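With the sequences and hints as input, model every part of the structure.
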Amino acid sequence: MIVNISSSRWGWLLAMFVFLQLSACATVKLVGDYDEQIDKGVTQLQKDVEGFLVKLEGTAEKPKDLVEEYKKHPQFYADAKVSISGLRVRADATERNSLTVKMLDGLRANLDRLENFHKEGLKKGEIEGSLRGGFTSQFTAILTFELAKKRGEKTDESKAKAGSTPTPSTEGDKK
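No gaps in the numbering here: position 96 of the sequence shown is 1081 in the numbering used here, and each next residue is one more.
Treat the hints with care, since some could be wrong.
[To be verified] Restricting the straight-line Cα-Cα distance to at most 27 angstroms, the calculated cross-link-like pairs of lysine-lysine (DSS-like) are: (1) Lys1066 x Lys1109; (2) Lys1040 x Lys1135; (3) Lys1032 x Lys1049; (4) Lys1087 x Lys1057; (5) Lys1040 x Lys1108.
[As the list claims (entries may be wrong)] The following label-pair restraints were derived from C-beta to C-beta distances: (6) Ser1122 x Lys1040: 20 to 26 angstroms; (7) Arg1098 x Leu1132: 25 to 31 angstroms; (8) Thr1028 x Lys1057: 42 to 48 angstroms; (9) Leu1051 x Gln1029: 24 to 30 angstroms; (10) Lys1040 x Arg1098: 14 to 20 angstroms; (11) Gly1118 x Ser1070: 21 to 27 angstroms; (12) Phe1004 x Phe1102: 54 to 60 angstroms; (13) Ala1000 x Lys1032: 54 to 60 angstroms; (14) His1058 x Arg1136: 22 to 28 angstroms; (15) Glu1054 x Leu1132: 33 to 39 angstroms.
Honestly, the hints are just simulated from the structure, not real lab data. This structure is a prediction, so every number in the text was calculated from the model and none was measured. Idealized CB from N, CA, C, for every residue including glycine.
Written out as structure tokens, the structure is:
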């Protein structure tokens, strides 16, 4: 049986074929593009925060000793908040960047916690423990996410939130 297809149907079939071929080549982006300014800004902020923590640790001898009081350091907190705010505005202005915005909001919340602890009296041991680790994890997550965007990798939220590379134990191996 021979089917006779009109020329208008051939045109329609050709258009569908071309559309399907083109749509097969399209990529769907679920996250925004890599932003070099966010990458560099977060890297600089990480250095500033780490430098501040090291400076504070140097003002106390023992882990149970209080570090230098808050009233000598309000400018650090103000500068860090301005940096995070600028990064957040930039991330928020970019399409499909809500995960970066959430991570920057978490970083700001962690900075606020540090500031409150410092106002109440911060001990050297608190910095050496969870505070530094929390900041390191957050900075690592944000930078991992930005660098994955740069490489064009499929971004995995769990990978972006993964902790930092473990640091070697100072006590050595226990066998």
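Hints that the structure is at odds with (numbers, increasing): 2, 4, 8 and 14
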